[in-house]
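Visitor: Sequence:
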Amino acid sequence: MLFVIKKLSSLKHRTSFWLGIFLIWVLLFHLQAAIAGAVEKSVEVNSKVPPHRWSAIQLSNVNQGATLEVKLYLDGQATVILVSESQLKNYPNVARPLFRTVTRSRAMFSIVAPRSGNYFLIVDNRKGATKRKYSLSITARLDLSGNRSLGAGRLTGHNSLKLLSQAIQKAFEGDPLKFKLTTCESSNTITRGVTIYLCQEYLKRINERFKEKQDINAIVLYELMKEAGYALLRRWHYPLINSPKVKDEFATTLLLMFGREDAVEAQVKYSTVLEPEKEERSETIKKWLDDPRLVKKWQPYLIPKMQTSYLRFLKKERPSWASRKLINRELIRRQ
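FYI, the numbering used here numbers position 113 of the sequence shown as 113, with every residue one higher than the one before it.
The reader is advised that the hints may include incorrect statements.
To be verified - Result set (DSS-like, lysine-lysine): computed pairs, CA atoms no more than 30 Å apart in a straight line: (1) 180 with 247; (2) 286 with 170; (3) 296 with 247.
Please keep in mind that the hints were generated in silico from the structure rather than gathered at the bench.
Just so we're clear, the structure is a prediction, and the values are computed from it rather than from any experiment.
Sequences are here, hints too, so could you generate the full structure?
Guide: Structure follows, in structure tokens:
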């Protein structure tokens with residue numbers, strides 16, 4: 001496996017959409033068929049996007065079935081999109097990207113490459129009036145052992161659950177939450193202690209209702225974060241933790257903090273499909289999504305419960321929702 005990083009300040013191409021685009025070429029895979037076991041490699045990139053522009057990061061020679069785990073941190077709002085090489089030619093008119101979210105600070109996701117080829121991670125700052133700095137970490141993993149008993153989709157699920165657990169653990173103090181994919185004869189998710197069970201029956205119900213994988217992933221993520229939020233609030237002895245409204249509000253808050261507005265948007269868009277009688281719930285979540293005060297409202301309660309390393313990260317990166325005054329006060333208290 002070989003990594004090659006090449007930064008180009010400008011690139012001319014026969015089609016105009018390449019003009020003015022900043023490209024970083026990353027060769028992710030150069031694999032030999034004789035290698036057995038799992039092959040893994042990581043790369044980190046720091047760069048910036050000028051105002052009213054977008055930049056593309058090329059992931060070259062990605063093997064079909066390879067898992068890509070992406071972590072992107074930004075200093076302001078931008079759109080993050082993952083597309084194939086053929087989709088890039090039509091950008092920004094891409095109907096079904098492999099991943100898309102609008103984030104103010106970070107984006108974390110995992111996908112399995114549907115086919116071998118080149119992929120492009122786009123950081124779109126066309127709506128921004130100032131430049132956006134970002135740091136990117138990509139881990140590419142390919143299982144060459146020949147053991148495919150779980151299937152690519154299920155492997156993606158386990159990897160995504162692991163990423164979600166790690167993200168929450170890095171943010172908040174206490175025992176890590178555990179996410180497990182299992183058969184539990186229920187069409188919902190179940191929380192017991194620090195373990196959150198994602199039921200196969202629930203996934204089957206969601207897959208039967210929706211066709212787009214991106215929508216399915218976003219809907220499931222919201223449900224998992226709602227259960228994770230419930231587990232955290234119960235750990236912290238928060239009042240009214242059994243209130244559906246409290247669960248939704250806290251799930252929305254956490255997802256906005258972690259840069260997954262797309263999961264909240266999917267909940268707003270599709271919750272009435274799953275539960276037609278709860279149109280009011282969808283409208284309430286939409287109001288939270290559009291309210292910049294929501295995450296700030298929770299900061300006095302959440303900051304004392306955050307990991308010190310995460311507080312230092314927030315102090316350095318300064319996401320729009322973070323209270324610098326509260327963070328500094330908490331860091332001083334812990335000295």
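Visitor: Does each hint hold? Answer for all of them.
Guide: Against the structure, the hints:
1. 180 with 247: Holds, because 20 Å separates the two Cα atoms, which is no more than 30 Å.
2. 286 with 170: With Cα atoms ~28 Å apart, residue 286 and residue 170 stay inside 30 Å; holds.
3. 296 with 247: 17 Å, holds
Of the numbered hints listed earlier, not one is contradicted by the structure.
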